[in-house]
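Place chain E on chain H using the hints.
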Amino acid sequence: MTGSYGTATRLKNTADGMARANWALTASELLQRCLDSGDREAWEEFVRRYRKTIALVVLRVSRAWNESSTLIIDDLVQETFLKLCEDNCRVLREFRSEQPQGLPGFLKVLAANLAQDYFRASNATKRGVALTCSATEALPAGNNAAIEELNQAVLFNEIDEFLNVTRTREKHQAVFWLYYRDGLTAKAIASLSALGLSTKGVESIILRLTRQVRSRFHITAPKTRRTG
Amino acid sequence: MFEHAIGFQGQSSHANADGANRHATLAYVQGLFSDQLTEEEKKILASLEISKDANAERLARQLTALCRAR
Numbered sequence: 000m001t002g003s004y005g006t007a008t009r010l011k012n013t014a015d016g017m018a019r020a021n022w023a024l025t026a027s028e029l030l031q032r033c034l035d036s037g038d039r040e041a042w043e044e045f046v047r048r049y050r051k052t053i054a055l056v057v058l059r060v061s062r063a064w065n066e067s068s069t070l071i072i073d074d075l076v077q078e079t080f081l082k083l084c085e086d087n088c089r090v091l092r093e094f095r096s097e098q099p100q101g102l103p104g105f106l107k108v109l110a111a112n113l114a115q116d117y118f119r120a121s122n123a124t125k126r127g128v129a130l131t132c133s134a135t136e137a138l139p140a141g142n143n144a145a146i147e148e149l150n151q152a153v154l155f156n157e158i159d160e161f162l163n164v165t166r167t168r169e170k171h172q173a174v175f176w177l178y179y180r181d182g183l184t185a186k187a188i189a190s191l192s193a194l195g196l197s198t199k200g201v202e203s204i205i206l207r208l209t210r211q212v213r214s215r216f217h218i219t220a221p222k223t224r225r226t227g
Numbered sequence: 000m001f002e003h004a005i006g007f008q009g010q011s012s013h014a015n016a017d018g019a020n021r022h023a024t025l026a027y028v029q030g031l032f033s034d035q036l037t038e039e040e041k042k043i044l045a046s047l048e049i050s051k052d053a054n055a056e057r058l059a060r061q062l063t064a065l066c067r068a069r
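For the record, the sequence lines run as chains H and E. Residue numbering for the first sequence follows numbering that gives the first Met the number 0, starting at 0 and increasing by one per position. Residue numbering for the second sequence follows numbering that gives the first Met the number 0, starting at 0 and increasing by one per position.
Certain hints may be false.
Stated by the list, open to error - With a Cα cut of at most 25 Å, we get these calculated DSS-like pairs of lysine-lysine:
hint, chain 1, residue 1, chain 2, residue 2
1, H, LYS51, E, LYS42
2, E, LYS41, H, LYS51
3, H, LYS199, H, LYS51
4, H, LYS51, E, LYS51
5, H, LYS199, E, LYS41
Simulated from the structure, these hints should not be mistaken for lab results.
Next comes chain H alone, as it looks inside the complex:
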């Protein structure tokens, strides 16, 4: 999906010499350059880097609503990008994450909420139901450091089995895996309207299941652990 556009941008950036090329920047560096300089080429790299991430989530939400129009999907992808620049790029300026996957995770949640809001509103128009979810409430994905200490591939299966055997509610399992496997923060998970949970509720579920899993698998808790 990069094509000549990406190549041309990279060549231009490389030719610029003094500043590091946009394509070589980390996610947070690129974001900072976009916000600080309002540089068009930085924004081009931002779009190039994340258009597929956003489009994929929008596509999946669209299909869940039985919508297959590429026109609507394209509009929602564009809306997601424009949402980022609303109010002097407020959501991006407030974004904080120390994790490399933090920004893509944040964009995924934002795109999913925006798309769900769109389809819910469309449906509500037909059925007279009110819209309840705000896409801008989505916050960054974050820390999965604790799980990285574990032997993931084998342990994940064992934990999954454990959660099934202990008859853990499916919604709680989803919260647990979104947090540990997909790196979403408690606040980002709470922003998924389909789950219908508050941030405190999500944190409570994570804490309880984490204790159970640690106890079952004899895992020592790390000294610090951020849940938000």
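Chain E in isolation, oriented as in the chain H frame:
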């Protein structure tokens, strides 16, 4: 109806929900954010306007203008 499709409505999210719903819910939420693409998804993504470089450049210009217009 979206909630119905993913099993989050009413009693379907409770512990006594049937096995199919239980796994469908978990699979949906995790699948939504997965980075793995099916062949069909790849085709659809490639057909989107945003996948065309000229359109992506146009969008980037819009974003730049919005960012500068403080």
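Any hints this thing doesn't respect? Which numbers, in order? 3 and 5
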